[in-house]
Amino acid sequence: MTLTATRPTWHSDPVLRGVVDATEDLLASAGPRVRVTEVTSPGFIGRNGAWVLALDSGERVFAKQISPDKAGPAAFDRSIAFASFALKHPLHAPPGPRLISSCRERDLLVFEHCPGVSLAQLLVDERIPAHFSAGTGRLLGRLHSGPVEALARTYHPSPPVPALQEGIPQERYVEFTLAEIRFWAELQQDSTLVQAAADLRHWESEHQTAPIHGDLRLDQFHLRDAELRVLDWEEFGRGDPARDLGTLAGEWIYRAVLDVVTSRAGAPAPPLQFDSVAATERITERMHHLAPQIRQMWTAYRAQIARADDELAVRATAHLGWHLVDRSIARASLVAKLPGIERAAAGVGRKILLTPGRYAAALGFEEFTS
Numbered sequence: 075m076t077l078t079a080t081r082p083t084w085h086s087d088p089v090l091r092g093v094v095d096a097t098e099d100l101l102a103s104a105g106p107r108v109r110v111t112e113v114t115s116p117g118f119i120g121r122n123g124a125w126v127l128a129l130d131s132g133e134r135v136f137a138k139q140i141s142p143d144k145a146g147p148a149a150f151d152r153s154i155a156f157a158s159f160a161l162k163h164p165l166h167a168p169p170g171p172r173l174i175s176s177c178r179e180r181d182l183l184v185f186e187h188c189p190g191v192s193l194a195q196l197l198v199d200e201r202i203p204a205h206f207s208a209g210t211g212r213l214l215g216r217l218h219s220g221p222v223e224a225l226a227r228t229y230h231p232s233p234p235v236p237a238l239q240e241g242i243p244q245e246r247y248v249e250f251t252l253a254e255i256r257f258w259a260e261l262q263q264d265s266t267l268v269q270a271a272a273d274l275r276h277w278e279s280e281h282q283t284a285p286i287h288g289d290l291r292l293d294q295f296h297l298r299d300a301e302l303r304v305l306d307w308e309e310f311g312r313g314d315p316a317r318d319l320g321t322l323a324g325e326w327i328y329r330a331v332l333d334v335v336t337s338r339a340g341a342p343a344p345p346l347q348f349d350s351v352a353a354t355e356r357i358t359e360r361m362h363h364l365a366p367q368i369r370q371m372w373t374a375y376r377a378q379i380a381r382a383d384d385e386l387a388v389r390a391t392a393h394l395g396w397h398l399v400d401r402s403i404a405r406a407s408l409v410a411k412l413p414g415i416e417r418a419a420a421g422v423g424r425k426i427l428l429t430p431g432r433y434a435a436a437l438g439f440e441e442f443t444s
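Remember, this note's numbering sits 74 above the position in the sequence shown when you count from 1.
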C-alpha cells in the first residue's frame, strides 16, 4: 500500500471528523490522551474506509472503518478474531500491524501504522526479494499448522456459484458495465465451468481444517526491514489451506499476465497485436517462468507442515485456475470492453480449473509426500 501525500479536509468532513474523534477516544482508553494532527488517505481504493492518522505524540496509526455491505457482515469480527489468534499463538500468526483498539458501534479498527512497500508495487518495480517465495511458504505453513479451536468457518463469496447458476440480482445487474454483461453471459452459459466452480466450493467445504487468511493478494504483503508482513484479515477463520496457496499463486500469475504486453522479467518484446493464440502462448511462457518460484513456495511450505491431505496440491491448483477467471470478472467491472489478454487469461484459468491434476506439477504444486 503506497501512501500519497493528499490531505483531506477532515475538519469539515463529518465522516472523517467522526473517525478522528472515535480514534482519539479509543487511543485514550488504551493509553495517554493524544490528538490527531493530520489525516492522510492511502493511495488505493478499497472496500473499506482507511486513513493514516498522525498524532501529536509523533506516532502514526492506521484507522480502518469496515463496510459490512462491501466487506461482509463478519469482516469486523474476523479481524478481531485474528488479533486474538495472534496474541494467543504468536508462533503461528504471520507478522503484521498490531490491533490497538476497536469500536464495534462504528465498525472501526485502529492498528499500528505499517510502513513499508507492498509486494504488488515491488513486482511492478521488478524488485521482488529473492527470499519472498520461500519466506511466504514458511509463513503460510506456520499459519496453517495453528490450532483451529473456536475459529469460525470461512465462507468466501468466490467462486460465486449462486450467481453463476441462478443469475445476478437485479440491483447489481443494473450497475453492470457492457464488459460485465457480455462476460457474465459467457460464464453462465458455460455449464462445464459452472459445474467445476460448484465442485470446487464443495471440495473446499470438506477440507476446512486450518486457520487461513482467506483472501491473499500481493498487495496484502508488505516488506519492511526485510520482513514480510501480512495485512487485512477480514476473511480469517477455519478454512481450506488450498485457498491461500492457490489464490496467492494465481495472483502472482495474474500479475505476470498483466506484464504480457511488456518486456519485463526478461521476456522478449511483445507483438504489436495479439490474437487469442499468441496471447495464450505468451501467458503460458510467463507461467513457466513463474513455476520455479511457486515451487519454492510449495517446498518451503511442505517443510513446515507435519502432514496434509493427498489432494491439497490439486485443490490449490484449482483455486489458482479460478483466480485467473475471477480477476477477469473484476477487470470487466472497470471497462466497457474486456481486453483480449484478460480473456486469454480467463481461458487459461478455465483449463486449469477443469483439470487441475493435469497442471499441478507443471505449475509448481507437486504431490505432497510426508
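Calculated directly from the structure, the hints in this document are not laboratory data. Any given hint could turn out to be false.
Stated by the list, open to error - Here are the simulated SDA-like cross-link-like pairs (lysine to any residue), alpha carbons at most 25 Å apart as the crow flies: (1) K411 <-> L182; (2) K425 <-> K162; (3) K425 <-> H281; (4) K162 <-> S103; (5) K144 <-> G209; (6) K162 <-> L182; (7) K425 <-> I379; (8) K162 <-> L364; (9) K425 <-> Q378; (10) K144 <-> G132; (11) K144 <-> Y229; (12) K411 <-> Q263; (13) K144 <-> A102; (14) K411 <-> P234; (15) K411 <-> E301; (16) K144 <-> V126; (17) K425 <-> A380; (18) K425 <-> A272; (19) K162 <-> R376; (20) K162 <-> H187; (21) K144 <-> A155; (22) K144 <-> A194; (23) K425 <-> H187; (24) K162 <-> G209; (25) K144 <-> K162.
Claimed, not checked - The calculated label-pair distances, taken between Cβ atoms and stated as ranges, are: (26) D383 <-> R91: 47 to 53 Å; (27) V89 <-> L165: 26 to 32 Å; (28) R227 <-> E179: 46 to 52 Å; (29) Q244 <-> G431: 17 to 23 Å; (30) E186 <-> V351: 46 to 52 Å; (31) R91 <-> G431: 22 to 28 Å; (32) A380 <-> E280: 19 to 25 Å.
Glycine included, every Cβ here is placed at the ideal spot set by N, Cα and C.
ask   = Taking only the CA atoms, is the gap from K411 to E301 under or equal to 25 Å?
value = Cα-Cα ~40 Å, so violated.
query = Does the alpha-carbon distance linking K425 and K162 stay inside the 25 Å limit?
reply = 42 Å, violated
key: Given pair status - G132, K144, alpha carbons within 25 Å   = 33 Å, violated
ask   = Straight-line Cα separation of K162 and S103 no greater than 25 Å?
value = 22 Å, holds
query = Does the alpha-carbon distance linking K425 and H187 stay inside the 25 Å limit?
reply = 41 Å, violated
query = Between K144 and Y229, is the straight-line Cα distance small enough, at 25 Å or below?
reply = The given pair, whose Cα atoms are some 15 Å apart, holds under the 25 Å limit.
ask   = For the pair supplied as a hint, K144 and A102, is the alpha-carbon distance within the 25 Å limit?
value = Since the Cα atoms of K144 and A102 sit roughly 30 Å apart, the hinted pair is violated (cutoff 25 Å).
query = Between K144 and G209, is the straight-line Cα distance small enough, at 25 Å or below?
reply = 31 Å, violated
request  = Decide if the proposed pair is consistent with the structure: K162 and G209, CA atoms, cutoff 25 Å inclusive.
outcome  = At roughly 22 Å apart (the allowed maximum being 25 Å), G209 and K162 satisfy the hint.
ask   = Are the Cα positions of K162 and R376 separated by 25 Å at most?
value = 24 Å, holds
query = Regarding the pair K144 and V126, is the alpha-carbon distance no greater than 25 Å?
reply = Within the cut-off at roughly 21 Å; holds.
query = Given the hint that K162 pairs with H187, does the C-alpha gap stay at or below 25 Å?
reply = Holds: K162 and H187 sit about 22 Å apart, inside 25 Å.
The structure fails hints 1, 2, 5, 7, 8, 9, 10, 13, 15, 17, 23, 25, 27, 28, 29 and 31 (numbered hints given earlier, in ascending order).
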